Every structure is written in C-alpha cells, then in structure tokens.
Amino acid sequence: MAIDYLPLLILIILAMGFAAIAMGLPAVLGPKLPNKQKYEPYESGIIPFADARRRFPVQYYLVAMLFVVFDIEVIFLYPWAVILNRLGLFALVEMAIFLLILLVGYVYCWKRGALDWGGQVRPGDDVVESQVVESQVEEE
Amino acid sequence: MDWLNLIVFPILRTVVLFLVLLTGFAYLTWFERKLLARFHVRYGPNRAGKFGLLQPVADAVKAMFKEEIVPSHVDKPIYLVAPALALIPALIIWAVIPVAKDTPAIADVGIGFLWILAVAGLESYGLILAGWSSNNNYSLLGALRSSAQMISYELPLGLFLVSILILAGSFSLVELVDNPRAWWEWLWLWVAFPFFFICILAETNRSPFDLPETENELVAGYQTEYGGIKFSLFYMAEYINMITTSAIMATLFFGGWRGPFAEEIVWLGPVYLFIKVVVLLFLFVWVRASISRPRYDQLMRFGWKFLLPVGIVYMAITAVLAVLLK
Amino acid sequence: MSPLNVSPKRREYEVLPSLNVPGIPAVAPLPTGETEDTRRIVERFGQDILAAGLHNGLQTVIVKPERLVELAQFIKDEPKLAYETIIDVSSVDRLELPIPEGEPRFQTVYQFRSYRRKQHLMVISPTQGDDEHPRAPSLTPVFRGATWPEREVYDLMGITFDGHPDLRRILMPAHWPYHPLQKQIPLGGEEVPFSLTWDDPEFETLGTQILPAESVKPTLPPGMNRRHMIINMGPHHPSTHGVLRLVVELDGERVIKVDPDLGYLHSGFEKTGEHKRYKDFVYYTDRMDYLSAMNNNLGYVLTVEAMLGVEIPERAQVIRVIMGELQRIASHLLWLATHALDVSGTGMSLLMYATRERELILDLFELVCGARLTTSYIRIGGVWRDVPDIFLDRVRHFIQTFPGRLAEYEAMLTESPVWRERLEGIGVISREDALNMGLTGPMLRGSGVDWDLRRDMPYSGYENYDFVVPVSQRGDSYGRYLVRMEEMRQSVRILEQAVANLPDGPYKTNDRKVALPPRPELDLSMEALIHHFKLVTEGIHVPPGMYYHGIEASKGELGFFIYSDGSGRPYRLHVRGPSFNNLYALDHMCQGAMLSDVVTNIGSVDIVLGEVDR
Numbered sequence: 000m001a002i003d004y005l006p007l008l009i010l011i012i013l014a015m016g017f018a019a020i021a022m023g024l025p026a027v028l029g030p031k032l033p034n035k036q037k038y039e040p041y042e043s044g045i046i047p048f049a050d051a052r053r054r055f056p057v058q059y060y061l062v063a064m065l066f067v068v069f070d071i072e073v074i075f076l077y078p079w080a081v082i083l084n085r086l087g088l089f090a091l092v093e094m095a096i097f098l099l100i101l102l103v104g105y106v107y108c109w110k111r112g113a114l115d116w117g118g119q120v121r122p123g124d125d126v127v128e129s130q131v132v133e134s135q136v137e138e139e
Numbered sequence: 000m001d002w003l004n005l006i007v008f009p010i011l012r013t014v015v016l017f018l019v020l021l022t023g024f025a026y027l028t029w030f031e032r033k034l035l036a037r038f039h040v041r042y043g044p045n046r047a048g049k050f051g052l053l054q055p056v057a058d059a060v061k062a063m064f065k066e067e068i069v070p071s072h073v074d075k076p077i078y079l080v081a082p083a084l085a086l087i088p089a090l091i092i093w094a095v096i097p098v099a100k101d102t103p104a105i106a107d108v109g110i111g112f113l114w115i116l117a118v119a120g121l122e123s124y125g126l127i128l129a130g131w132s133s134n135n136n137y138s139l140l141g142a143l144r145s146s147a148q149m150i151s152y153e154l155p156l157g158l159f160l161v162s163i164l165i166l167a168g169s170f171s172l173v174e175l176v177d178n179p180r181a182w183w184e185w186l187w188l189w190v191a192f193p194f195f196f197i198c199i200l201a202e203t204n205r206s207p208f209d210l211p212e213t214e215n216e217l218v219a220g221y222q223t224e225y226g227g228i229k230f231s232l233f234y235m236a237e238y239i240n241m242i243t244t245s246a247i248m249a250t251l252f253f254g255g256w257r258g259p260f261a262e263e264i265v266w267l268g269p270v271y272l273f274i275k276v277v278v279l280l281f282l283f284v285w286v287r288a289s290i291s292r293p294r295y296d297q298l299m300r301f302g303w304k305f306l307l308p309v310g311i312v313y314m315a316i317t318a319v320l321a322v323l324l325k
Numbered sequence: 000m001s002p003l004n005v006s007p008k009r010r011e012y013e014v015l016p017s018l019n020v021p022g023i024p025a026v027a028p029l030p031t032g033e034t035e036d037t038r039r040i041v042e043r044f045g046q047d048i049l050a051a052g053l054h055n056g057l058q059t060v061i062v063k064p065e066r067l068v069e070l071a072q073f074i075k076d077e078p079k080l081a082y083e084t085i086i087d088v089s090s091v092d093r094l095e096l097p098i099p100e101g102e103p104r105f106q107t108v109y110q111f112r113s114y115r116r117k118q119h120l121m122v123i124s125p126t127q128g129d130d131e132h133p134r135a136p137s138l139t140p141v142f143r144g145a146t147w148p149e150r151e152v153y154d155l156m157g158i159t160f161d162g163h164p165d166l167r168r169i170l171m172p173a174h175w176p177y178h179p180l181q182k183q184i185p186l187g188g189e190e191v192p193f194s195l196t197w198d199d200p201e202f203e204t205l206g207t208q209i210l211p212a213e214s215v216k217p218t219l220p221p222g223m224n225r226r227h228m229i230i231n232m233g234p235h236h237p238s239t240h241g242v243l244r245l246v247v248e249l250d251g252e253r254v255i256k257v258d259p260d261l262g263y264l265h266s267g268f269e270k271t272g273e274h275k276r277y278k279d280f281v282y283y284t285d286r287m288d289y290l291s292a293m294n295n296n297l298g299y300v301l302t303v304e305a306m307l308g309v310e311i312p313e314r315a316q317v318i319r320v321i322m323g324e325l326q327r328i329a330s331h332l333l334w335l336a337t338h339a340l341d342v343s344g345t346g347m348s349l350l351m352y353a354t355r356e357r358e359l360i361l362d363l364f365e366l367v368c369g370a371r372l373t374t375s376y377i378r379i380g381g382v383w384r385d386v387p388d389i390f391l392d393r394v395r396h397f398i399q400t401f402p403g404r405l406a407e408y409e410a411m412l413t414e415s416p417v418w419r420e421r422l423e424g425i426g427v428i429s430r431e432d433a434l435n436m437g438l439t440g441p442m443l444r445g446s447g448v449d450w451d452l453r454r455d456m457p458y459s460g461y462e463n464y465d466f467v468v469p470v471s472q473r474g475d476s477y478g479r480y481l482v483r484m485e486e487m488r489q490s491v492r493i494l495e496q497a498v499a500n501l502p503d504g505p506y507k508t509n510d511r512k513v514a515l516p517p518r519p520e521l522d523l524s525m526e527a528l529i530h531h532f533k534l535v536t537e538g539i540h541v542p543p544g545m546y547y548h549g550i551e552a553s554k555g556e557l558g559f560f561i562y563s564d565g566s567g568r569p570y571r572l573h574v575r576g577p578s579f580n581n582l583y584a585l586d587h588m589c590q591g592a593m594l595s596d597v598v599t600n601i602g603s604v605d606i607v608l609g610e611v612d613r
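Residue numbers (numbering that gives the first Met the number 0), protein chains in the order written: chain A, 0 to 139; chain B, 0 to 325; chain C, 0 to 613.
Any given hint could turn out to be false.
Not everything, but these chain C residues come out facing chain B in the computed CB check (under 7 angstroms) [unchecked claim]:
#1 E252
#2 M351
#3 W418
#4 L594
#5 S595
Hints are computed from structural coordinates only; laboratory data are not their basis. On a predicted model such as this, the values are computed, not experimentally measured, just so you know. Think of the CB as a built atom: it goes at the ideal place given N, C-alpha and C, for glycine as much as any other residue.
Generate the whole structure from the sequences, applying the supplied hints.
Below you can see the structure in the form of structure tokens.
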C-alpha cells in the first residue's frame with residue numbers, strides 16, 4: 000500500500016529540513032570578516048597552478064563501468080534470493096548458469112588487467128617475471 | 000483518527016529518531032576520542048564537564064559560531080548541497096531497522112533490504128559532488144578515490160546481502176529478526192561477518208580505508224574546502240553512518256533487538272540493540288587504532304580480486320545449503 | 000590597503016671592514032707533504048695541480064678549474080683511488096683576505112670520499128671569470144650528488160656552474176637580488192619585506208587578519224607538463240615534516256616528477272656563523288637539525304677542536320658518546336613515529352608510544368643541561384658541566400626498559416602485512432645510485448653500502464666500542480626501516496658499554512686558551528683571570544687554515560667545513576647537512592610511484608627542515 004510509505008516521505012522531508020537549518024545557522028550566528036585570501040583555494044598555502052576541473056585518467060571510469068556491469072547482475076540476484084526456498088533446485092541451476100556467464104566476464108577483466116590499478120613496478124611483479132621468462136627462452 | 004496515525008505519530012517518531020541519532024553522534028565522537036586516547040596512552044577530552052562529557056556540546060557550539068565561508072572558486076549550488084546530501088541518507092536509512100519486537104524505527108514497508116541498499120547508494124553522491132564542486136586538486140583526488148572505492152566495495156557488500164536474503168527469504172528486516180533461525184544458519188552467517196565488516200569499513204570511509212580523506216596525502220580529501228558547520232555535517236554523516244551500519248550489522252548478524260526476555264518486556268529490545276551497537280562501534284575504533292592504511296591500488300586490488308570472489312563463492316555455498324537443508 | 004612590496008630593492012653596499020678583530024687576517028697555508036693519493040694525482044695532472052699534500056691532516060689537492068671535471072672523473076674511475084662519492088661542495092669568498100695578486104677571489108671546495116679505501120680527499124679549485132661573475136665547471140656529469148650542493152653555492156655565493164642541468168636558486172626566493180654569503184653583503188643588511196612601522200596603515204589591522212600582501216603566483220619548475228595534474232604538497236601540508244614544498248606532477252595517482260622547493264625555513268646559519276665567535280656558534284647548531292642537537296654540537300665542536308689540536312679528557316669523550324647515542328635513539332624514535340603516522344594513518348598509536356620513550360631521553364637531557372631540545376651541552380674543549388650523580392642510574396634504567404619497548408614496536412610493524420606492502424619495493428635506490436647521489440647514513444646503508452663514520456673514521460673514541468653496523472641490501476624503504484630499527488638496538492649496546500666504563504676525571508680540557516678556568520681559581524690566580532677575560536672578550540683563536548670534519552649524525556653524515564683566518568670568528572663556515580643531500584634522492588625515489596608513496600618516501604628519507612634549509 001502506497002500509504003505505508005508516507006512516514007518515509009515525512010522522514011525525508013524532516014531530514015532535509017534539519018540539514019537546511021543546520022547549514023543556515025552560522026550565516027546568522029557566525030562573524031563576518033571577509034578577506035581576499037580566505038576565499039582562495041587551499042593547496043598547502045600556495046596558489047594552484049591550474050584549475051582543478053580537468054581531464055583525469057580513464058581508470059576511474061573503468062571502475063565505474065565495471066561496477067555498473069556487475070552491480071546490475073547483483074541486482075538480478077535479489078528477487079531470486081527471496082524466492083529461492085520456494086523454487087528449490089530449479090532456481091539454483093538457473094542461477095548457476097547465470098553466475099557462470101558472470102564469472103567468464105570477471106575472469107576476462109582480471110586477465111586483461113582491468114582490475115589492476117598499477118602501482119609501482121617492483122621485483123616479483125608480473126612484468127619483471129615475464130621478462131625473466133623471455134630471457135630464459137632466448138637462452139634456450 | 001487517521002491523520003493522527005498518518006502524520007503526527009510519524010513526525011513524533013522522526014523527531015525522536017533524530018534526537019537519538021544526534022545525541023548518539025555527539026557521544027560517539029566523545030566515545031571514540033576517549034577510547035583512542037586510551038589506546039594512545041593519553042587522557043583524551045577531560046576538561047569540559049566530568050570526564051569531558053560536555054565536550055561534544057562545546058564542539059557543536061563552536062561549529063555553529065564559525066564564520067560562513069564559501070570560497071570564491073567553487074561551484075556554489077553544488078558546493079552547498081553536498082554536505083546535506085551526505086547527511087540526509089545517513090539519517091533516513093534508519094527508517095526500517097527494527098528496534099523492538101515488531102517495531103521498526105519508522106515504518107515496516109516490507110522492502111527493508113532494498114531501502115538500505117538504495118539509500119546507501121545515495122551516500123557516495125555527497126562526497127563526490129563535494130570534491131568536484133570544490134575546484135581543488137586535493138578535493139578532486141579525494142572525490143575520485145571515494146567514488147571508485149565505494150562502488151568497488153558495494154559489490155561484495157551486495158553479494159553478502161544476497162546471501163543473507165537467501166537465508167531470510169524476505170525483504171523485510173522486521174521479519175528477518177522475528178523469524179527463528181536454525182543453528183547452522185547462525186554459524187554460517189558469522190563466517191561472513193568479518194568480510195562484511197571490511198566492506199562496511201570501506202563504505203563508511205573509516206580507517207584503515209579512509210583514503211578519500213587521508214590527511215597524510217590529500218590534506219582532507221573531499222572536505223578540504225569545507226569549514227565550520229558544513230564540515231561538521233560531513234563529520235556528522237560519517238559518524239551517524241557508523242551508528243547506522245553498526246545497527247544494520249547487529250540486526251543482520253546478531254539478532255538485532257533480540258536477547259533474554261526481550262519478547263516479553265518490550266523496552267528491553269532497544270537496550271539490547273544499543274549494547275550490540277556499542278560493541279560494534281568499539282570494533283570500529285579498535286580497528287582505527289591498530290590497523291595500518293593500505294595504499295590506494297592495494298585497496299582496489301583487495302576489493303576486486305579478493306572480496307568479490309569470496310562474496311560469489313559464499314553466496315553460491317549459501318544457495319546450495321539453503322536448497323539442501325531448508 | 001595597498002599590497003606590500005615583497006621584493007627588496009637592489010641596493011649597493013659599501014665594502015665594510017672585517018668584523019674579525021683582533022688578529023691579522025691570514026690565508027690558509029698551502030698543503031704540504033705527500034700521500035699516496037696526492038702523488039698519483041700529481042703524477043697524472045702535473046702542472047695543473049697548484050698544490051697537493053696534507054692540510055690539517057686532510058689530503059688536499061688544489062687544482063686548476065680547467066681540469067677539475069677531469070680530476071673528479073679520474074679519482075672516481077682509477078681503481079687505486081676509487082673516490083666513489085662526493086660528500087660536499089662549498090666555496091670561499093676571500094674578499095677580506097690578503098690573497099696574492101692575480102688569484103681569483105672565490106674558491107670552490109669539494110669533499111670526496113672513498114668508502115672502500117676509507118679515504119677522504121679535499122679538492123680546492125679557484126674560480127674562472129672575473130671577480131664579479133665567477134664561474135666554475137659543474138661536477139654533475141660525474142657525480143649526480145653535486146646537483147643540489149652546486150645549486151646552493153650558486154644561490155648563496157653567486158658562482159655560476161657551467162654545465163649544470165638545473166641551475167636555479169635553491170634556498171633563497173627566486174627573485175632575490177643578492178648572493179648573501181658574499182662578503183660585501185652585510186649581516187642583516189636587507190630590508191625585511193614585512194616590517195611595519197607605526198605609520199603604516201596596515202598596523203591598524205595587524206593581529207585581526209593576515210597581512211594583505213599579494214599572493215605570488217608560483218612558477219612552474221622546468222620539465223613539467225601542464226597537461227598533467229600538478230599539485231603543491233606543502234609548505235603547509237600534514238606530512239611534509241615542516242615547511243618543505245613539493246611540486247608533484249601527477250598522472251592520475253601516478254607520480255611523474257617531484258620537485259622539492261626549499262628555503263621556507265632558511266635562516267642563514269652560515270652567514271651568522273661568520274659573525275659569531277667560535278664558542279658562540281655552538282648554540283646555533285642546536286637549531287639546525289633540531290631533533291638531534293647533541294650530534295650537531297658534537298660535529299661542530301670536533302671540527303674546531305681538530306683545528307685547535309686540543310686533547311679532550313677521557314670522561315668528556317665518553318659523556319659525548321652517551322649523549323650522541325641517546326640523541327640518535329631519540330631522533331630515530333621520532334622518525335619512526337612520524338613515518339608510521341605518514342604511511343598508515345593509524346600509526347597514531349605508535350606516534351604516542353614512540354614519543355613516550357623519546358620523552359625519557361629528553362628528561363635525561365634536561366637532567367644534565369636543563370634543556371630538552373636545544374641542548375648546547377657539548378662545548379669546545381669538553382662538555383658544559385659534569386653529569387649529575389643520578390644520571391647514570393637513569394640511563395641504566397632506560398637501557399633496561401627500552402629494548403622491550405622497541406620489540407613491541409617491531410611487533411606492530413615489521414611483520415605486519417599492510418606495513419610491508421606499503422614499504423617493500425617503494426623508493427628503491429641501487430647501490431650505485433646511492434653512491435653517485437652522495438647519500439649518507441641509513442639511506443646509504445639501506446642500499447647496501449657498509450659504511451659508518453663511527454666505525455670507519457672513528458671520533459670521540461668510538462673505536463673502543465663494540466657494535467655492529469646494520470646494512471640492508473634491499474635498497475627500498477623497508478630496508479631503510481630495518482636499518483634504523485637495528486641502529487637503535489646497536490645504540491643501546493654502545494650506551495651499555497659507555498655507561499659501564501665511564502671514567503673519572505675532568506669533564507673539559509685543561510687548556511686555558513680553549514676552556515674557561517674553574518670559578519674558584521679566578522679568586523686566587525691572576526693568570527686564570529686573564530685567561531677568563533681573553534676568552535670571554537675575544538674568544539678562541541683558531542690558527543689559519545681550513546678543515547672538514549664529518550660525524551655520523553642520526554640522519555647521515557653531518558659535516559662542518561671551517562675556513563679560519565686566525566681570528567676569533569670563523570671566516571667561512573659551511574654545514575653539510577645530511578637531510579639536504581639525502582632529500583635530493585626524493586625525485587629519483589618517486590619516479591613512477593603512487594601519490595601515497597611520495598609520503599612514504601619523504602618519511603623514509605628522514606629529513607628535518609631546519610637542517611635542509613639552514
């Protein structure tokens with residue numbers, strides 16, 4: 000029943016009201032001592048070299064895209080989870096197939112390095128190891 | 000009287016909830032500072048009032064009387080909305096958590112799980128918009144980190160929630176607590192608790208996963224350009240989130256309001272919930288005092304390459320167990 | 000309100016007479032005699048060596064500037080010489096000295112070290128060009144470690160280095176018009192940009208708000224690309240250990256280049272030192288590396304004592320060792336505390352624990368000299384006062400409790416997976432790079448070079464102690480962490496031996512030309528009164544000459560170079576601060592690292608800005 004959700008609406012409205020009042024308070028109570036330096040961006044006490052609105056690396060988008068893909072699949076799991084007990088084995092097999100497909104995608108992402116953020120290359124990392132392997136092949 | 004039930008009681012309940020949460024927030028800061036101080040072999044706040052108990056009041060008053068500063072270079076509307084956007088989800092997520100027998104905090108809407116998921120998903124907006132609108136390099140990096148981190152850890156979190164759903168068989172948190180569970184269900188649930196807790200730490204940006212606001216690298220991350228009450232709202236959001244997630248964990252893993260005689264004596268329910276929440280909050284502080292922070296790429300690797308597979312495997316086993324044993 | 004003018008105006012100064020009265024200024028005598036190394040160099044370079052031999056016990060070579068680079072390359076490559084590293088570059092302005100006709104006014108002075116052969120070599124070279132625009136060849140093609148010291152010499156002395164890749168000012172602001180160490184620039188002669196008088200309109204608002212000076216737009220360091228994100232870390236940043244400013248070029252979270260910008264704490268110790276009597280400069284050394292004042296005192300005092308040739312009583316030597324090792328532990332503890340805090344955030348617990356132990360050491364210092372941080376306890380000729388009776392018991396108590404506490408910290412960090420993950424493979428410096436960049440101290444030992452001045456060029460009787468020099472072959476931050484932790488344990492060992500063997504006797508030298516006579520003697524002896532008067536009014540007269548002496552301070556080799564003209568004040572005083580030279584490696588360490596690793600690397604270098612900026 001939609002009317003059941005009315006308390007939630009009231010809650011949301013009151014929460015917004017609370018936030019608005021809290022934000023408005025210092026405008027009334029606080030002092031006003033304007034000063035040019037106060038309104039400058041903080042970058043450790045030095046004026047920044049450039050605006051912060053800039054292109055940033057694609058890797059962050061990649062995470063977001065992966066998230067969307069996997070999260071939608073998790074969303075599919077919710078209704079399934081609730082009625083699993085009623086449907087029994089059938090639902091289990093169905094979901095196993097679904098998960099298998101998901102898993103293929105996951106393994107693909109892993110192998111392609113989409114899950115690596117790429118820290119400092121250090122001894123013992125894949126890159127170095129693969130070089131070692133190559134040099135050994137050459138010697139043989 | 001219908002309007003009484005529809006309007007007045009919910010408003011009263013909301014006001015009580017807010018009061019409880021805000022007091023909880025204020026004394027959680029005191030609790031954390033005191034506890035951390037004990038971990039650090041120092042005293043902590045002990046000047047304002049007995050045992051520093053009035054310290055939160057002093058902090059609140061100070062925040063209110065701070066000068067209102069909106070830096071000149073920010074995107075003003077978004078900059079102002081962001082702290083509110085961080086706080087509101089923290090407050091409203093409580094609506095569906097049962098505090099006593101058959102009594103949710105605000106309303107039993109039958110979709111408790113989905114409400115929690117949806118509102119928790121909103122939380123990252125506040126941080127991202129704050130970082131983006133600040134037009135500051137540190138804030139931007141903090142916002143990028145927080146968005147990537149929160150969505151990365153939302154996946155395993157969702158998988159563990161699915162597993163709990165399989166065992167519960169209902170979207171309602173009230174039913175989840177009311178329904179009796181077999182002993183193997185409890186045991187199997189507790190296996191998931193550590194992983195779930197790690198995800199929660201990352202979701203709430205708590206140490207050691209506080210990378211979006213690491214003061215050692217990003218000064219204050221997404222909050223760098225915020226001061227006064229606006230900063231306090233972020234702070235409030237973080238701490239209320241801690242209380243909220245503790246209550247959720249208590250409900251999901253430890254029976255929420257349940258305890259000896261809680262079914263007969265109604266007022267014992269909130270007391271038991273409170274005790275469980277405090278124990279979990281202690282865990283938050285304990286972790287903060289003793290575990291080192293990983294680097295950003297290590298954090299992402301841990302989420303995607305460890306927690307996610309663990310979540311999938313856990314869910315699969317849960318499903319099989321549920322079909323076989325139920 | 001008009002913005003204040005922050006750039007001082009160019010002003011011509013008249014050449015002032017020397018403040019160093021009395022005493023006739025004299026140039027340092029030429030080196031005499033011959034050693035095996037100088038003989039080899041003379042054989043190779045023949046007429047281009049102006050003089051060679053021993054000077055104040057140091058192997059010294061004076062070479063024509065034309066062949067300086069060749070000489071550096073020769074002593075580095077020749078296996079029988081094998082001077083692997085450059086320790087220091089400094090310079091002397093001889094304006095006030097009676098230099099022979101035709102010789103240039105400036106000299107550059109280089110210190111080379113062979114770790115394998117345990118040899119030290121001082122190379123002096125007159126400058127090219129006229130006295131207004133002195134020039135010298137740059138040694139950077141041979142030793143990367145000369146990069147920053149040469150920038151410093153350029154900045155402070157005005158000598159241009161030909162072939163230097165990045166010759167910018169390093170300590171003074173970029174627009175500064177003077178080279179302050181030149182002798183015609185008086186001490187304190189500059190206009191102070193922010194001075195206020197009662198007539199200034201700014202005075203009305205002083206204290207209520209910051210001064211309305213215009214913010215200066217930063218200049219982009221050379222070699223940085225504006226398309227990447229370029230952020231300023233510092234001077235006002237939580238983890239740059241003071242007022243260090245790093246300009247970091249970032250591609251996402253990955254670091255492309257780091258350019259440290261120094262000088263926010265520059266206080267001109269070297270210039271001040273030229274105007275202080277020898278014994279008065281001890282107090283200034285406290286303020287350089289303010290976390291290890293005792294070691295600074297010791298380094299300076301040993302240099303002057305070596306030039307004077309005084310014998311230090313046994314008891315004073317042992318007290319100095321005790322103080323030096325306590326200070327080393329205190330300094331390392333603070334390094335551990337801040338490093339753990341920077342890296343992990345939660346290391347806050349460790350910060351408090353390590354500070355607790357450091358507090359015990361500071362209490363000990365307070366016991367002996369009343370000061371906790373700026374001790375000035377070690378004086379020329381001995382120490383300030385004898386240690387009180389209770390002192391040894393307190394040190395013994397510390398020695399008993401400390402190793403257990405140290406084991407606790409190690410339990411928190413050494414094997415912790417997160418800690419290892421954060422340090423291993425971060426900031427790697429190979430052995431060759433460490434030598435080439437002139438790194439010292441734990442930075443050098445963390446890269447596998449087995450060298451410790453206490454063991455290999457002992458001073459203050461360190462040869463009498465049994466201790467191990469920890470060396471790590473890893474070369475990364477974790478290796479340096481292990482080295483420093485072990486050094487603390489070894490310091491405890493040295494302390495145990497020193498406390499057990501503290502001899503009785505005087506705590507300062509009996510040489511009345513160096514140390515004040517005891518107070519009761521003044522009432523009885525006319526001669527003592529005269530000595531007292533002379534010492535207080537004129538100070539100690541150091542014979543003309545130059546000397547370099549380095550000690551193993553907690554952060555690396557702390558060296559003092561003094562040029563004396565025979566008066567009561569040093570004619571030129573140069574400090575080789577380990578933090579300064581070690582910080583040069585930061586860019587190298589941060590190549591390709593993540594932003595978080597920059598913080599790890601700063602902590603791993605272990606800098607103190609008082610010493611970097613001097």
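The hints, checked one at a time:
1. E252: 6 angstroms, holds
2. M351: Result: holds, 4 angstroms to nearest chain B Cβ.
3. W418: 5 angstroms, holds
4. L594: 6 angstroms, holds
5. S595: This hint holds: S595/C lies near chain B, its Cβ roughly 5 angstroms from the closest one there, short of 7 angstroms.
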